[in-house]
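**Q** Now for the letters of each chain:
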Amino acid sequence: MTRITTRPECTEPWTSLRTRAFGTRPAPLGVYTDRAPVDGAGGEPTQHVMWTKARINRLGDRLRRAEEIDAELLTDLQNFRFQYYAPMLEVQQRIVDTLGLDATARLKTVNTIIEKLKRERTRLSTMQDIAGVRLVIDGDRIDQDRIVDQISGLFPGADIDDRRVRPNRGYRAVHVIATSHGFPVEAQVRTRAQDLWAQTVERLADAFGRELRYGGVVPGTEQILALLAQVSQNVHLAEELTVLFRTSMSEAEEELADPQLATQARLQRLARIDELKVGADEVAGILGDLSVQLRAMLSKITHGE
Amino acid sequence: MKHFLIVYQRRTGTLLTFSELASEDPSEALKKRFQMERQERADPDVEVVILSAPSVEALKRTHARYFKTSAELAASSYTAPS
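Protein chains in written order, with my numbering: chain A, 19 to 323; chain B, 2 to 83.
Since the hints were derived computationally from the structure, they do not count as laboratory data. We put the beta carbon where it would ideally sit given N, CA and C, even for glycine. A few of these clues could be false.
What the hints assert, rightly or not - DEER-style ranges, computed between Cβ atoms:
1) A/G200 - B/F19: 30 to 36 angstroms
2) B/L17 - A/M267: 31 to 37 angstroms
3) B/L17 - A/G306: 30 to 36 angstroms
4) B/T15 - A/N186: 23 to 29 angstroms
5) B/D44 - A/P174: 29 to 35 angstroms
6) A/N186 - B/D44: 27 to 33 angstroms
Stated by the list, open to error - No more than 27 angstroms apart at the CA atoms, straight line, and that leaves these computed lysine-lysine pairs for DSSO-like:
7) B/K61 - A/K318
8) A/K126 - A/K71
9) A/K136 - A/K71
10) B/K32 - B/K3
11) A/K126 - B/K32
12) A/K126 - B/K61
13) B/K33 - B/K3
14) B/K61 - B/K32
15) B/K61 - B/K33
16) B/K61 - B/K3
17) B/K69 - B/K3
18) B/K69 - B/K33
19) A/K136 - A/K126
20) A/K318 - B/K3
21) B/K33 - A/K126
22) B/K69 - A/K318
23) A/K71 - B/K32
24) B/K32 - A/K295
Claimed, not checked - Among the chain A residues that face chain B by a calculated CB cut under 10 angstroms, a handful are:
25) K71
26) A72
27) L95
28) L117
29) D120
30) A123
31) T144
32) V154
33) W215
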């Protein structure tokens, strides 16, 4: 490993320095890095910082305790997040180029990092969503599963957090936590319905307070939250039914193609498909009604924001 | 990949800034973001972010919250595809 010596001025791009230091090997969490070009004096790095776990967690403690974010604390947080940037963009580019999918990438904002540190009392070094990539797919859960598999295939060893079955306060999606150059990058894969739900709650939380997303009680929003919980559950049911329907259709089509299939069995298959279709239509109807109620309630309490 | 700067006031749901950065250089985009973060750090309800996306349409799809009210989001269909 080539150790980069301290220089009073450094204009070499960080990615170039990093490559000289580490080549293409994955870097440990504590990496030698430039001080990112963001100090208040005009952006020239002044020293090289080793982001050990201890240092990262001390930064997390400072952020958690801070009443307000001063310039020095913000600079340290920016330097820390800077390390995740190139790995995040690399993950995004691979998904876009290899799978032909649209994916949007972002580094977690200052406020959401601090809110998470305060809310969960988590350590900054264990936060896995500092760097994030989001995909909102057209299609159902079978398509979602396929895309999750494809992304996992691009990043061997990636962890999968399936929140469809164990939702987080109604939030459903599948997260693939890939590792790029030693940094975790969280790829959120959502169906359209899952994403709409999440965006609605986030927008509501913007207006009423972020604690609303995490089970906090915000007066005046109890009915809305109860309705959103119903919507989440019904989206889940609708998506499950769609999978069942699609799977049964495929199986039935194979069976029905068999000229040897007895008439009685044939009728049973067709009846089963009809049942599933009716069930799926019913849930779609319920969702439609809930959506109308939700819209009316939101318009009333937020005045359309 | 395109890079979009968003400055968003959470409490009022106001998009203060939404601009596509002229340069596709990601380090320039991040510098711009960090500069805006320093400028806006006094207000904890102001969110500054760079979103990198293949297109503005892709961005508006994955981050609709910045562009629609909660009522507008709820008006979109929750129905799963059949």
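**Q** Per the hint of 23 to 29 angstroms, is the separation of the Cβ atoms of B/T15 and A/N186 within bounds?
**A** Taking Cβ atoms as reference, B/T15 and A/N186 lie about 28 angstroms apart, which means the hint holds.
**Q** Do the numbers back the hint for A/D120, that is, is its least Cβ distance to chain B under 10 angstroms?
**A** For A/D120, the interface hint holds, since the closest Cβ of chain B sits about 4 angstroms away, which is under 10 angstroms.
**Q** Sort out whether B/K33 lies within 27 angstroms of B/K69, counting only the CA atoms.
**A** 25 angstroms, holds
**Q** For the pair we were handed, B/K33 and A/K126, check the Cα-Cα distance against 27 angstroms.
**A** 15 angstroms, holds
**Q** Is 27 to 33 angstroms right for how far apart the beta carbons of A/N186 and B/D44 are?
**A** 28 angstroms, holds
**Q** Are the Cα positions of A/K71 and B/K32 separated by 27 angstroms at most?
**A** 25 angstroms, holds
**Q** Regarding the pair B/K69 and A/K318, is the alpha-carbon distance no greater than 27 angstroms?
**A** 16 angstroms, holds
**Q** Quick one, is the A/L95 hint okay against chain B at 10 angstroms, beta carbons?
**A** Holds. Min distance 9 angstroms.
**Q** Would you settle whether the hint for A/A72 is holds or violated, based on the nearest Cβ-Cβ distance to chain B being less than 10 angstroms?
**A** 24 angstroms, violated
**Q** For B/K69 and B/K3, compute the direct alpha-carbon distance and say whether it is at most 27 angstroms.
**A** Status holds; Cα separation ~21 angstroms.
**Q** Check whether the Cα positions of A/K126 and B/K32 lie no farther apart than 27 angstroms.
**A** 15 angstroms, holds
**Q** Tell me if A/A123 is really an interface residue toward chain B, meaning its C-beta lies closer than 10 angstroms to one of theirs.
**A** Given a least distance of 4 angstroms, the restraint on A/A123 holds.
In summary, the numbered hints that this structure violates are 2, 5, 20, 24, 25, 26, 28, 31.
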